[in-house]
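Novice: For reference, the chains in residue letters:
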Amino acid sequence: MGILIIVLMVVAGVSLAVQAPINAAFAKKAGALESALISFFIGAVFLLIVVIFFGKFDPVAFSAVPKWQLLCALCGLTYVVLSILAVPKIGVGIVMISVIVGQIVTGIIIDHFGLFGNAIIAIDGQRMIGIVLLLASLYFMLGNKAAAKQPA
Amino acid sequence: MKFIYAGLALIAGVSLGIEGGLAGPLGQRIGELETALFIFSFGFISLLGIVLLTGKGDLSQTFKVSKWKLSGGLFGTFYNLMLIVSVPIVGVSIVVLAALIGQMATSTVIEHKGWLEVKQIRFDKNKAIALLLLLAALYFVN
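For the protein sequence lines, the chains are A and B, in the order given. Quick note on the working numbering: the first sequence kicks off at 1 and runs consecutively. Quick note on the working numbering: the second sequence kicks off at 153 and runs consecutively.
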């Protein structure tokens, strides 16, 4: 199950990589916030249709969940707005590095403590090695790009 | 000044990590599809407010550009759904790393070919090393 999920998550990463230039192409015409708005709109309409046919929308269950769990939507929005603000100022490369580092460090902390009702997956030597390899990878992937794209 | 924006980008990444940590368990309570719909509806309504108040762009472009430029949201829904499904099974860290590998490998191809109107950037030795290091990172974190 674990391996299948990891493969599917890699495919999900592929869809993220396809989404980014598509939204950027539209943003060139319509503006960054406007592009994000349309992206969320199309996504919401698509999901609404999917939920109507395959879902089980249950307002009772929805109102019974702890309110802090609903903050996930605010976090998603925060990411979109902050990255739109940061990209023109410091360039795509540095924003990507900062986002990835922030994301993985947060992920490791959430896993280690089992925050928000998640399973506990403790930090160990192997995970530390993984983080170092990730940082080395970012250096090779984006180090030059970040330097090149940084506006004067 | 730049320093502040790098800090904001870092907070953006932290927010993404927290989103995964919150959305996984929420998906188990109210359903994965329903959680994704909630996230996208909230994002749409909030951005509508932000665009109406501060937007300087041109929304009418929505009806002028070729249709593929509007398809980003569809790819986004797949990513979010998989995120919500996967976090409770393998944890946030592995989800982030696995998605990153798919993302980096695909952007490398898109940039090498110059698809989707991106600036063409040739595949080189640095990128190959970076991708191998990412795979090794996933191997160790898993």
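Hints were generated in silico from the structure; no laboratory data involved. Careful, some of the hints might be misleading.
If you only want the chain A side, here are some residues facing chain B, beta carbon under 7 angstroms, derived [said to hold, decoys possible]:
id, residue
1, ALA36
2, LEU47
3, GLY114
4, ARG127
Built from N, CA and C at the ideal position, the CB exists for glycine as well.
Novice: For each hint, tell me whether it holds in the structure or not.
Specialist: To see whether the hints hold, each was checked on the structure:
no. : hint   : verdict
1   : ALA36  : 6 angstroms, holds
2   : LEU47  : 4 angstroms, holds
3   : GLY114 : 9 angstroms, violated
4   : ARG127 : 5 angstroms, holds
This entry does not satisfy hint 3, going by the numbered hints stated previously; all others are met.
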